[in-house]
Amino acid sequence: MTTTIIWTIVAITVLGVLLAVVLYLVANKFKVEEDPRIDEVEKVMPGANCGGCGFAGCRAFAQSCVEAANLDNNYCPVGGNEVMKKVAAVLGLEAKEKAPMVAVVRCNGTCANRPTVNEYDGIKSCKVKAALYSGDTGCFYGCLGCGDCVAACQFGAISMDPETGLPVVDEEKCTACGACVKACPKKIIELRNKGPKNRRVFVSCVNMEKGAAARKACSAACIGCGKCAKECPFGAITVEHNVAYIDFNKCKLCRKCVAVCPTGAIHDVNFPTPAPKPEKPAPKPAAEAVKPAAPKPEPAPAASPATDKKEE
Amino acid sequence: MKKTFSIGGVHPDDNKISAGCAIEVLPVPKTVYISMAQHLGGPAKAIVAAGDKVKTGQVIGEPTGFISAYVHSSVTGTVKSVGLRKDLAGIPVVHVEIEVAPDEWAEGIDTTDTLVTEIPQDPKFIVDRIKSNGVVGLGGATFPTNVKLCPPPDKKADILILNGAECEPYLTSDYRIMIEKPQQIIVGAALMKRVLGVDHVVVGIEENKPEAIAKMKEAIASLSAASSDYDGIEVVTLKKKYPQGGEKQLIDAITHRQVKSMGLPIDVGAVVQNVATSLAVYDAVQKNKPLIDNTITVTGECFPKQSNLLVRVGTPLSYIIDYLGGVPETAAKAISGGPMMGKAIANLDAATLKGTSSVLFLTEAQTRRNPETNCIRCGKCAEACPMGLEPFLLNKLARNGMMDELEQNAVQDCIECGCCLYSCPANIPLLDIIRVAKGDVIRIIRSRTAPKK
Chain A
216 MTTTIIWTIV AITVLGVLLA VVLYLVANKF KVEEDPRIDE VEKVMPGANC GGCGFAGCRA
276 FAQSCVEAAN LDNNYCPVGG NEVMKKVAAV LGLEAKEKAP MVAVVRCNGT CANRPTVNEY
336 DGIKSCKVKA ALYSGDTGCF YGCLGCGDCV AACQFGAISM DPETGLPVVD EEKCTACGAC
396 VKACPKKIIE LRNKGPKNRR VFVSCVNMEK GAAARKACSA ACIGCGKCAK ECPFGAITVE
456 HNVAYIDFNK CKLCRKCVAV CPTGAIHDVN FPTPAPKPEK PAPKPAAEAV KPAAPKPEPA
516 PAASPATDKK EE
Chain B
2 MKKTFSIGGV HPDDNKISAG CAIEVLPVPK TVYISMAQHL GGPAKAIVAA GDKVKTGQVI
62 GEPTGFISAY VHSSVTGTVK SVGLRKDLAG IPVVHVEIEV APDEWAEGID TTDTLVTEIP
122 QDPKFIVDRI KSNGVVGLGG ATFPTNVKLC PPPDKKADIL ILNGAECEPY LTSDYRIMIE
182 KPQQIIVGAA LMKRVLGVDH VVVGIEENKP EAIAKMKEAI ASLSAASSDY DGIEVVTLKK
242 KYPQGGEKQL IDAITHRQVK SMGLPIDVGA VVQNVATSLA VYDAVQKNKP LIDNTITVTG
302 ECFPKQSNLL VRVGTPLSYI IDYLGGVPET AAKAISGGPM MGKAIANLDA ATLKGTSSVL
362 FLTEAQTRRN PETNCIRCGK CAEACPMGLE PFLLNKLARN GMMDELEQNA VQDCIECGCC
422 LYSCPANIPL LDIIRVAKGD VIRIIRSRTA PKK
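Protein chains in written order, with the numbering used here: chain A, 216 to 527; chain B, 2 to 454.
Note that these hints are calculated values from the structure, not bench results.
Do not take every clue at face value.
DSS-like cross-link-like pairs, simulated, lysine-lysine; straight-line CA separation at most 30 Å [stated by the list, open to error]: (1) A:Lys311 <-> A:Lys409; (2) A:Lys431 <-> B:Lys397; (3) A:Lys339 <-> A:Lys311; (4) B:Lys381 <-> A:Lys402; (5) B:Lys381 <-> A:Lys401; (6) B:Lys306 <-> A:Lys342.
The calculated label-pair distances, taken between Cβ atoms and stated as ranges, are [claimed, not checked]: (7) B:Lys81 <-> A:Pro315: 50 to 58 Å; (8) A:Glu248 <-> B:Arg370: 56 to 64 Å; (9) A:Ala327 <-> B:Lys81: 29 to 37 Å; (10) A:Ala275 <-> B:Glu330: 57 to 65 Å; (11) B:Cys151 <-> A:Thr331: 27 to 35 Å; (12) A:Ala327 <-> B:Gly84: 23 to 31 Å; (13) A:Glu334 <-> B:Met263: 32 to 40 Å; (14) B:Glu212 <-> A:Glu334: 36 to 44 Å; (15) B:His201 <-> A:Thr331: 36 to 44 Å; (16) A:Lys445 <-> B:Arg369: 47 to 55 Å.
Just a few of them, taken from the derived set where beta-carbon distance is under 7 Å, the chain B residues facing chain A [said to hold, decoys possible]: (17) Ile92; (18) Pro93; (19) Gly141.
The model shown is predicted, which means the values in this text are computed figures rather than measured ones.
Ideal placement from N, C-alpha and C gives every residue a C-beta, glycine not left out.
Given these sequences and hints, build the entire structure.
See below:
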C-alpha cells in the first residue's frame, strides 16, 4: 500500500520535472520578442479599454504609441494630458497638450418643449426606433430618449433625466471617449472643449427644418434666424441648413448670442450669472426719452463686468 | 396537391373583410403632395418650380441614376411649392405641392376604357414606355420595373411569375383588380413576356381567392383564343401560407428553384412581378398613361366603411380617411401595408405613394405588445423562418454586436416578413433587432465589395 503511494509520488515528480524542462526549452525556442516599452506604457494607461482612442484597447494603443514616430496621432481621451505626459516620458517623445473635452447633448427637446405626437411601444433602443421612423415627437432630428448613449457609456457619466426625457452628462465622470457620440443614431452628442472653469456656450439643437416647422415641433428649437451669427463679434457662429453652430475654438464665451436667441436654443453652462441682456433695447429708449433710459443701463453693467472678466 | 414554398411560414387569419367592396374612384383632393422618393434607389429630381402649371400625367421628377424612376403629376393644377414635407414615418422628403384644378390630361395619353390587346413587336418600345411612365414594382419594394425587366446580358430568364398571392392579412387591393381588371393584367403580363422573351408565364394566386382565380383563368382563355401572343400563360393555385408573396418564396412554390444567399431571382431564371405592376405596365404601354393612381385598401375591424379606392398618387391620407368618415375612436394604430410587414403611420398628413397599398386600422387589443420574457429555446422562430435562418441566434448575436457571426449566419438574407416575431411565445422583438443588424451587415458587405470595383 505505502509502496504504491511512494511510487506514484516519484513517478509524478519525475514527469513534472521532465515536462518543465520541455516547456522551458520550447518557450526559449519560440520566444516572441516584444518591445518591453509596450508593457511600460500600458502600465501608465488608465486601463479602461474603452476604445475612445480609436484602438481596440489600452494595450493596442500602447503598441501603436511605441511604434509611432511621434504622439501627434495618439491621444488617450480618458487619461488626458497627464497620462499622455507619462506616456511621452516613457518613450522619450513629446506629447502635444490638448484641451480637455466633454460630451455635450445638443437637444433641448424636453417633454415640455417638445410635445409627443404619437406613442412608441417598440423596444427601448434608439437605434431600432431611428430605423423605424422619426420618433414620437414632431422633431425628426432630436433626441429619441431611449438611452442608447447611457448604455454605451462605460464610465456611468450619462443618465436619463426622467423629467426632461433627455440624457444628462456628468462632467466629472465624462472622459470624452466618444462612445456616446457613436451610439447616438441622431448624432446629437458632440465632443466639445470643456472650456475655462468648465464654462461653455453651445447651440442645443440640431433641427435642420425651416424656422416655422422647427418651432412647431419644439419651442426651444434653433430656427436658423441667424441673429446669433450677426451678434457674434468673433465670427464663431455659422448658420447652415437652418441650424446655428458655434465653433468652440473661436468662441470667447461673451454670451451675446445667448441673449439674442429668440427661442433659447443657445445654452451657457457653469456661468455664475445669467447671460447679459441684449443691448438693443438700451439705445431705443435713449432716443425716445431720456428719463426711462437712465435706470435701464443699471442692471446691465451688473451683468456685463462678469462677462468681461471671462473674456480676459 | 397545391403548391407552396418548402420551408417555414405561418398561418395568420386572413381577415379579408374588404374583399367584397368594389373599387371606388376617390374624388381628387384640393391639394396633392407628390413625393420625389417613391421608389427604391435614388430619389427623383424635381423639374418643376413654384408657380408652374402642370397637367395630369406630366413629368415633374426625373430619375437620378440607374435605379430610379420618373415621377408624374397625378393632377392638373399649379405647383405651390417644392420642398421638404414629412412622409408617413415623419421623415422629411422632397415633395411637390400642387393645387388642383379640373383634370386636363397631358398629350398622348389614352384615357378611354377600351381594351388594347395587340402586343407591340419591339421590346425596346415596351421598355421605354414602362420607363418613361414611371412604373415601379407595386408589390411593396417599389423597384423600378424597367430595370427588373432588363437583366444583365449573361443572365436569361425562362419564366415570368405574376404575384397574385396577396398573402398579407386584410389587404384586398390586388384581389379586387384581379376581379375587375383581369384582362388588362394578362395583357400586361404578355407585354412583359415579350420584353423578357420567355415562353412561360405563371400567375400564382392563393387558394383563398377562388373568384380571382376563376376570373383570371377566364381572361387568359378569352385572350389566347384571339391571339398567339397569349400562349403559355397559366394560373397556378397556391396553398394559403404567409409569406407566399415573397419573391423567393413564390419562385420556390411555383418552380421549386432556390435563390441562393444574396442572389437575385434572375440567377435561377425567374422574374417576379406583382399583378398591380402588370396592370400599371398595361396602362403605361397600351394607353401611354403614367403611374399616377393605384388601388388602396382602407380596412380594419374597427373601421366601419371598408373600402377599396382608386387613389391619385400624392393624396393626403387624412383626406382619404375623412372621406370615409374619419379615424374610428377605437383605433389605436394606423398601418400602411399589411399587419405583418406594414409600417405604422406616424403622420396621417402624409401623402400616398405609388407603392401605398393600404391603410389599416387596428385596435389597442390587436396591437398591444406583451412584455418580453426569456428565450426558452423552443425553436418556433427557426421553424417559422421561410429563409431557413435562426432568429433566436441572430437576436443574441445582434444584441452583442457580433457582425462577423451575423454575416456567417446569413442575417442579410432576412426578408423582414415577421414570421419569427409572430411565432415567438416569449414576445421577443426578434424582427426589430434583426432588421437593424441586417442593415448594418449589408452596409459592411457593400463597403467591403465597393473598393474592388
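Evaluation of the provided hints:
no. : hint                              : result
1   : A:Lys311 <-> A:Lys409             : holds, 17 Å
2   : A:Lys431 <-> B:Lys397             : violated, 40 Å
3   : A:Lys339 <-> A:Lys311             : violated, 41 Å
4   : B:Lys381 <-> A:Lys402             : violated, 37 Å
5   : B:Lys381 <-> A:Lys401             : violated, 35 Å
6   : B:Lys306 <-> A:Lys342             : violated, 37 Å
7   : B:Lys81 <-> A:Pro315: 50 to 58 Å  : holds, 51 Å
8   : A:Glu248 <-> B:Arg370: 56 to 64 Å : holds, 58 Å
9   : A:Ala327 <-> B:Lys81: 29 to 37 Å  : holds, 34 Å
10  : A:Ala275 <-> B:Glu330: 57 to 65 Å : holds, 60 Å
11  : B:Cys151 <-> A:Thr331: 27 to 35 Å : violated, 46 Å
12  : A:Ala327 <-> B:Gly84: 23 to 31 Å  : holds, 29 Å
13  : A:Glu334 <-> B:Met263: 32 to 40 Å : holds, 37 Å
14  : B:Glu212 <-> A:Glu334: 36 to 44 Å : holds, 39 Å
15  : B:His201 <-> A:Thr331: 36 to 44 Å : violated, 53 Å
16  : A:Lys445 <-> B:Arg369: 47 to 55 Å : holds, 52 Å
17  : Ile92                             : holds, 5 Å
18  : Pro93                             : holds, 6 Å
19  : Gly141                            : violated, 16 Å
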